[in-house]
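Residue numbers (my numbering), protein chains in the order written: chain D, 1 to 786; chain Y, 1 to 160.
Among the clues, some could well be false.
[Unchecked claim] With a Cα cut of at most 20 Å, we get these calculated SDA-like pairs of lysine to any residue:
#, chain 1, residue 1, chain 2, residue 2
1, D, 418, D, 382
2, D, 2, Y, 93
3, Y, 128, D, 716
4, Y, 2, D, 110
5, Y, 128, Y, 159
6, D, 545, D, 516
7, Y, 128, D, 477
8, Y, 81, D, 51
9, Y, 33, D, 7
10, Y, 56, Y, 71
11, Y, 2, D, 382
12, Y, 83, Y, 71
13, D, 2, Y, 145
14, Y, 2, D, 51
15, Y, 2, D, 506
16, D, 667, Y, 94
Derived from the structure by calculation, the hints contain no laboratory data.
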Amino acid sequence: MKERERRLVSGNGFYVDDIELPNMAHCIFAGSPYAHARIKSIDASRALEVSGVLAVITGREVVELMDPLPATSNYGAIGWHWRIPKAYPLAVDKVRYQGEPVAAIIAEHPYIALDAAELIDIEFEQLPPISDVNQAMRPESPLVYEEWGDNIQVHLEFNFGDVDEAFKEADRVIRVSWHEGRVSGFPIESRGCIASYDRITGMLNMWSSTQAPFLGRQYISSALRLPTTKVRIVAADVGGAFGNKVNWWKDTVVGLGSIVTERPVKWVESKKEFFLTGAHNRDVTWDGEVAVRNDGSILGVKAKFLKDLGVEGTNRGSAAMGIIPACCSVANAYHLKGIRIEAYGVVTNKSPYCAYRGYGKDKGIKFMERIIQVVAHELELEPEQIRFRNFIQPDEFPYKQLSGYVYDSGDYPAVLGKVLELGEVSSWRQKQEQARKQGKYIGVGMAFSVEPAGVAAPHCIFGGLTQARVRITSDGLVEVENDQTEIGQGSNTTRAKVVANILGAKLDDIEVKRDSSDMPGSGVYSSRGAIYPTGALIRAATELKARVIKFASHFMNEEPAHIDINDSVIHSTKEPTKRMSLKELADCVYFHPGPRGLPQEMQAKHEVLLDVCASWFSPNTAQNPTSTYTTYCSGADVAVVEVDVETGAVSILKYAHVHDAGTLLDKDIVEGQIFGGIVQGIGEALSEELVYTRSGELLNTSYTDYVIPTAQDSPDIVIGHVETPSPFTELGQKGMGEAPIIGSKAAMINAIEDALSPFKIRITESPATRERVRKWISESQRRLIP
Amino acid sequence: MKVPIETKVNNKTYKLEVEARFTLLDILREELKIKSVHRGCEHGECGACTVLLSGKPVCSCLVLAPQVDGAEITTVEGLLKDKELHPLMMAFIENHAIQCGYCTPGVIMMAYYLLNNRPEFTDEELRKGIAGNLCRCTGYVHIIRAIKAAKEYKDSGNWW
């Protein structure tokens with residue numbers, strides 16, 4: 001048990017960088033120094049003269065040897081305002097962001113490739129860069145894609161319920177604005193892969209740090225003009241992903257490098273390159289009005305939503321599509337009458353956008369949780385009173401939210417009630433008053449998140465594909481395989497536990513196979529692991545158990561109804577001495593006597609193996625086509641902070657979280673997800689932000705200036721659980737993993753605003769860096785003391 | 001340009017000729033095939049490549065080849081006793097302190113150094129002690145728990 005952990009703790013990892021193939025070469029990308037420029041010429045001849053350089057690939061070669069990168073979502077096909085650029089993984093005529101790869105150098109050693117990169121002569125003609133989304137929307141703005149005529153890649157309007165009626169009934173209308181800085185996950189292991197092409201068979205074998213090898217195969221084979229059967233991807237150990245590794249655009253160049261050089265080629269991305277070309281996220285602005293009654297009822301929301309996609313949001317990652325869950329998640333845990341959102345996905349000269357934990361849903365939820373805080377303040381009520389007043393009640397499930405999402409189950413008042421207790425909110429509020437008298441600024445903040453999980457969306461790569469295979473081997477062990485790629489979320493452990501419990505097998509008898517593109521399935525993102533792949537696994541294991549019992553009934557001469565399995569031993573519940581091990585049964589089924597010894601009826605049905613494949617589709621989405629997601633776990637956060645008004649520093653005095661992930665599959669794993677997510681959200685709230693200058697230069701390209709939380713910055717976290725089983729999954733489990741990063745950011749910002757309430761500060765942007773906090777305070781002082 | 005170096009890694013002596021621009025990280029991974037030492041940021045920011053250099057924790061990406069000459073290096077492989085996991089490693093497994101595992105060997109080496117060099121510490125001191133090792137998965141909660149559990153192993157004599 002815990003084989004993977006034993007391997008990793010003792011230095012026996014299988015991360016991409018650990019894999020060495022015979023005769024392997026190395027790939028390095030050379031990036032553009034400019035954010036926006038026309039490429040006038042590229043001359044790689046000096047680079048090619050460096051001893052040890054095998055090839056230099058530029059835009060010229062990719063246009064000839066590959067197809068453009070395929071779009072990961074396409075709603076233009078159904079008539080929406082949804083543009084898809086013609087994009088290649090290396091810049092062709094012009095560069096559109098600083099760091100955009102212009103050439104790939106394949107050499108005997110990465111250092112040789114780096115030396116050669118400096119010798120590539122590129123003549124650029126600089127163009128005016130756009131690094132501001134509002135500027136990009138002006139008609140006179142320079143264009144990222146000239147062929148579009150403007151910079152609006154996506155423009156959608158969402159109309160849920162009756163928003164006009166909501167505003168008619170309102171006692172008050174309150175304005176709320178909220179901007180989130182550009183951030184991303186940036187796991188400690190950057191992206192990377194190895195490609196090994198065999199000219200004779202035409203087979204491209206790859207090992208990749210990826211969340212979804214099957215989708216990767218689809219993407220890479222399409223770009224490289226190979227049949228999918230000629231691309232195979234094995235997921236290496238993944239050193240963190242968080243959504244940042246659901247893109248393969250650079251992998252296509254590594255594949256091409258192997259095809260061109262006929263050598264295995266390894267690419268391990270440097271941290272700087274990851275920051276510069278990586279999957280960025282957030283960078284959204286909401287400008288809205290909320291209709292409320294004086295009793296704290298929230299009736300409706302009207303908003304304009306801007307998302308800065310960077311260069312584009314479809315080909316190098318699935319980003320534009322995140323606008324949909326963002327707008328569909330605004331109603332969060334509450335009854336509302338209507339919501340209207342006008343949403344724009346705008347291109348600028350910034351790095352490509354892709355998924356990061358929360359994907360899009362996070363943005364709508366955080367907007368609503370900021371609304372609650374502002375409304376509470378305006379109405380002089382406590383924020384929990386607003387939440388309790390507007391909550392969907394436990395007896396209303398399944399509940400069809402305004403967006404069409406059908407919430408499976410929950411007890412929101414219980415979750416919030418428990419976190420108020422664990423977070424000792426009333427006692428902190430008393431301390432807050434006393435502290436203020438001593439010139440100390442303590443704030444209590446909270447947030448509530450309903451996290452949509454387990455997506456099946458049409459016209460994109462996230463359609464809800466999954467498959468599991470469970471088999472008993474000839475020596476009575478259990479092999480398990482599905483698309484629940486292990487990325488550090490603990491899926492090896494949960495898969496083994498789920499199957500062992502169903503089959504009655506010993507946990508040590510379960511072997512979870514490494515995920516590869518052989519298994520159809522969309523992989524792991526959007527908290528789908530516990531839903532789709534686990535659903536398929538449960539179906540396969542359940543059917544396998546039925547087959548085991550059928551076979552055992554024959555060999556043990558016992559009625560199926562009286563057979564059970566425990567600890568890998570099959571026994572009669574009537575006569576406990578009648579028993580055989582799974583190993584003995586497997587030997588009977590496979591070899592002694594083998595299929596010839598099975599009952600005729602099973603032979604006639606060709607049911608002669610202990611090997612079952614199954615797929616799964618969400619019963620929620622099947623019954624309710626508007627419910628793109630399957631389960632909706634909930635979480636509540638309380639953050640208590642102290643703000644040092646002299647320095648702007650924020651310290652965390654108390655942190656509590658309560659979660660309802662339905663039936664818990666593994667408590668340690670669920671809590672690991674919660675702790676990790678909370679601390680990432682705290683980083684987003686306080687320090688993390690990718691800062692672009694007006695000329696489109698990214699100022700922070702390392703952990704020194706893109707500050708993620710250390711152990712010293714992170715709080716102890718008190719945690720509690722509520723379990724309301726989901727009716728839409730086999731065991732009542734819910735997908736989880738994103739609510740904590742969503743709630744913690746909102747709770748932290750709300751806590752800081754509460755701490756600063758004597759200064760009458762309304763926070764409209766994040767992160768709350770020390771500089772920003774100081775700026776807010778000094779602006780307020782100027783305002784309050786004329 | 002290549003430089004000759006002699007170094008003792010996990011109690012075994014090596015005489016090597018390596019590129020002068022190689023870092024200790026390159027030497028360990030490429031020349032000696034010690035893959036526990038992870039390439040994280042290559043700027044001394046993340047701590048994923050932490051090893052002990054003559055008893056002191058260092059980011060191996062910041063140590064150049066000539067500086068390794070005559071030094072003694074310990075990596076997590078050096079903590080194994082006949083392939084048996086060190087009690088500190090067991091504490092990490094038992095407390096669910098390993099998620100993606102990429103930062104783990106570096107954190108283990110830093111924790112090993114702290115536990116061997118500080119008889120007592122508060123939670124705050126422990127957090128400060130491992131603040132040079134970034135982890136993006138765990139929020140550090142289970143890591144802190146694991147190191148505290150390892151301290152109990154050490155105090156009860158289950159240690160080497």
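- Item | Satisfaction of hint between residue 382/D and residue 2/Y, Cα-Cα up to 20 Å | violated (69 Å)
- Item | Proposed proximity, residue 382/D with residue 418/D (alpha carbon, max 20 Å) | holds (16 Å)
- Do the alpha carbons of residue 545/D and residue 516/D lie within 20 Å of each other, as the hint requires? Not OK: residue 545/D and residue 516/D at ~25 Å, beyond 20 Å, violated.
- Pair hint residue 2/D and residue 93/Y, alpha-carbon separation not exceeding 20 Å: holds (8 Å)
- Task: Compare the distance between the alpha carbons of residue 2/D and residue 145/Y with 20 Å, and conclude whether the hinted pair is satisfied.
- Result: Holds - the C-alpha atoms of residue 145/Y and residue 2/D are around 18 Å apart, at most 20 Å.
- Query: residue 56/Y and residue 71/Y: Cα distance at most 20 Å?
  - Reply: holds (11 Å)
- Does residue 477/D lie within 20 Å of residue 128/Y when you go C-alpha to C-alpha? Violated: residue 128/Y and residue 477/D sit about 46 Å apart, past 20 Å.
- Query: Between residue 2/Y and residue 51/D, does the CA-CA distance stay at or below 20 Å?
  - Reply: holds (16 Å)
- Given the hint that residue 128/Y pairs with residue 159/Y, test it: the Cα-Cα distance must not exceed 20 Å. The given pair, whose Cα atoms are some 23 Å apart, is violated under the 20 Å limit.
- Query: Is the straight-line distance between the alpha-carbon of residue 83/Y and that of residue 71/Y 20 Å or less?
  - Reply: Given pair residue 83/Y, residue 71/Y is violated - Cα atoms ~24 Å apart, limit 20 Å.
- Query: Given the hint that residue 81/Y pairs with residue 51/D, does the C-alpha gap stay at or below 20 Å?
  - Reply: violated (44 Å)
- Task: Measure nothing beyond the straight line between the CA atoms of residue 667/D and residue 94/Y; if it is 20 Å or shorter, mark the hint as holding.
- Result: holds (13 Å)
In terms of the numbered hints stated before, the structure departs from hints 5, 6, 7, 8, 11, 12, 15, listed from lowest to highest.
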